[in-house]
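So the chains spell out like this:
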Amino acid sequence: KNEVEQSPQNLTAQEGEFITINCSYSVGISALHWLQQHPGGGIVSLFMLSSGKKKHGRLIATINIQEKHSSLHITASHPRDSAVYICAVRRGADGLTFGKGTHLIIQP
Amino acid sequence: NAGVTQTPKFRILKIGQSMTLQCAQDMNHNYMYWYRQDPGMGLKLIYYSVGAGITDKGEVPNGYNVSRSTTEDFPLRLELAAPSQTSVYFCASSSLSARKPYEQYFGPGTRLTVT
Chain A
443 KNEVEQSPQN
453 LTAQEGEFIT
463 INCSYSVGIS
473 ALHWLQQHPG
483 GGIVSLFMLS
493 SGKKKHGRLI
503 ATINIQEKHS
513 SLHITASHPR
523 DSAVYICAVR
533 RGADGLTFGK
543 GTHLIIQP
Chain B
-11 NAGVTQTPKF
-1 RILKIGQSMT
9 LQCAQDMNHN
19 YMYWYRQDPG
29 MGLKLIYYSV
39 GAGITDKGEV
49 PNGYNVSRST
59 TEDFPLRLEL
69 AAPSQTSVYF
79 CASSSLSARK
89 PYEQYFGPGT
99 RLTVT
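Chain order of the listed sequences is A and B. Take the first sequence: its letters are residues 443 to 550, numbered as in our numbering. Take the second sequence: its letters are residues -11 to 103, numbered as in our numbering.
No wet-lab data here; the hints were simulated from the structure. Fair warning: this is a prediction, and the values are worked out from it, not measured in the lab. Be aware that one or more of the hints could be misleading.
[Stated by the list, open to error] DMTMM-like cross-link-like pairs, simulated, lysine to aspartate or glutamate; straight-line CA separation at most 25 Å:
1) Lys542/A / Glu67/B
2) Lys497/A / Asp26/B
3) Lys497/A / Glu447/A
4) Lys542/A / Asp523/A
5) Lys(-3)/B / Glu47/B
6) Lys496/A / Glu91/B
7) Lys510/A / Glu91/B
8) Lys(-3)/B / Glu459/A
9) Lys32/B / Glu47/B
10) Lys542/A / Glu91/B
11) Lys542/A / Glu445/A
12) Lys2/B / Glu67/B
13) Lys2/B / Glu60/B
14) Lys88/B / Asp536/A
15) Lys497/A / Glu459/A
16) Lys88/B / Asp26/B
17) Lys542/A / Asp14/B
18) Lys88/B / Glu457/A
19) Lys88/B / Asp14/B
20) Lys510/A / Glu67/B
21) Lys495/A / Asp14/B
22) Lys88/B / Asp523/A
23) Lys32/B / Glu459/A
24) Lys45/B / Asp523/A
25) Lys45/B / Glu459/A
26) Lys510/A / Glu457/A
27) Lys2/B / Glu459/A
28) Lys542/A / Glu47/B
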């Protein structure tokens, strides 16, 4: 079993819909990262959180440490949100452990 | 700042050839990482470094070597390329003392094909 599991693997939605991507992990962590990988391949960091909730624009990330679960929400989704969203956990300075990613397509 | 740069962007190698993937960062980050990304799989850590002169193995180090002689550079060496090393390679860096400690900054990736 992977240490980091994401669901769904693929998600297609219509523009304007509220999107939720889930991430569960099975190890103790220092922090959880949400990353976005564009169709061109570049990876950017969206959020890094160890408790509670963070918001940036239309993106919201939450984490429940007791349940070892995090969610990434996108409000008022737009076709430019189409990307792969990756959950990763950090235990120390020795790099991240990644989920397989969620392929999101937002149709106009 | 250029951030994290990687060269080359693309490379095709024959089985048994050697090459070095270059990675450099200009943010004075002490932590640097090499990951590989295979289709349908999550990124996996190959090697990492917590500072100049210090490197350590990650999850999938076999077939690779690294060195960290300066804070800026973290090259990844493939000695005898094998088809299993066909992948996209990402270098990343982070710092405990940055505005966002441990936030990872990724390079654009190197797409390597071994045939």
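> Keeping to a limit of 25 Å between CA atoms, is the pair of Lys32/B and Glu47/B held or broken?
Replying inline: holds (7 Å)
> Taking only the CA atoms, is the gap from Lys2/B to Glu67/B under or equal to 25 Å?
Replying inline: Distance ~12 Å between Lys2/B and Glu67/B Cα, so the pair holds.
> For the pair supplied as a hint, Lys88/B and Asp536/A, is the alpha-carbon distance within the 25 Å limit?
Replying inline: With Cα atoms ~17 Å apart, Lys88/B and Asp536/A stay inside 25 Å; holds.
>> For Lys496/A and Glu91/B, compute the direct alpha-carbon distance and say whether it is at most 25 Å.
In response: Since the Cα atoms of Lys496/A and Glu91/B sit roughly 15 Å apart, the hinted pair holds (cutoff 25 Å).
>> For Lys32/B and Glu459/A, compute the direct alpha-carbon distance and say whether it is at most 25 Å.
In response: violated (32 Å)
> Taking 25 Å as the top limit, are the C-alpha atoms of Lys510/A and Glu67/B close enough?
Replying inline: violated (40 Å)
>> Against the 25 Å threshold, does the CA-CA distance of Lys45/B and Glu459/A hold or violate the hint?
In response: Violated, at roughly 42 Å.
> Given the hinted pair Lys542/A and Glu47/B, is their alpha-carbon gap at most 25 Å?
Replying inline: holds (15 Å)
> For the pair supplied as a hint, Lys542/A and Glu67/B, is the alpha-carbon distance within the 25 Å limit?
Replying inline: Between Lys542/A and Glu67/B the Cα gap is close to 28 Å, so the pair fails against 25 Å, i.e. violated.
> Is the straight-line distance between the alpha-carbon of Lys88/B and that of Asp14/B 25 Å or less?
Replying inline: Holds - the C-alpha atoms of Asp14/B and Lys88/B are around 16 Å apart, at most 25 Å.
> Is the hinted pair Lys542/A and Asp14/B satisfied, with a Cα-Cα distance of at most 25 Å?
Replying inline: Violated. Lys542/A to Asp14/B sits at ~29 Å, over the 25 Å cutoff.
> Taken at face value, is the distance from the CA of Glu91/B to the CA of Lys542/A at most 25 Å?
Replying inline: With Cα atoms ~19 Å apart, Lys542/A and Glu91/B stay inside 25 Å; holds.
The structure fails to meet hints 1, 2, 8, 13, 16, 17, 18, 20, 21, 23, 24, 25, 26, 27 from the earlier list, while all remaining hints are met.
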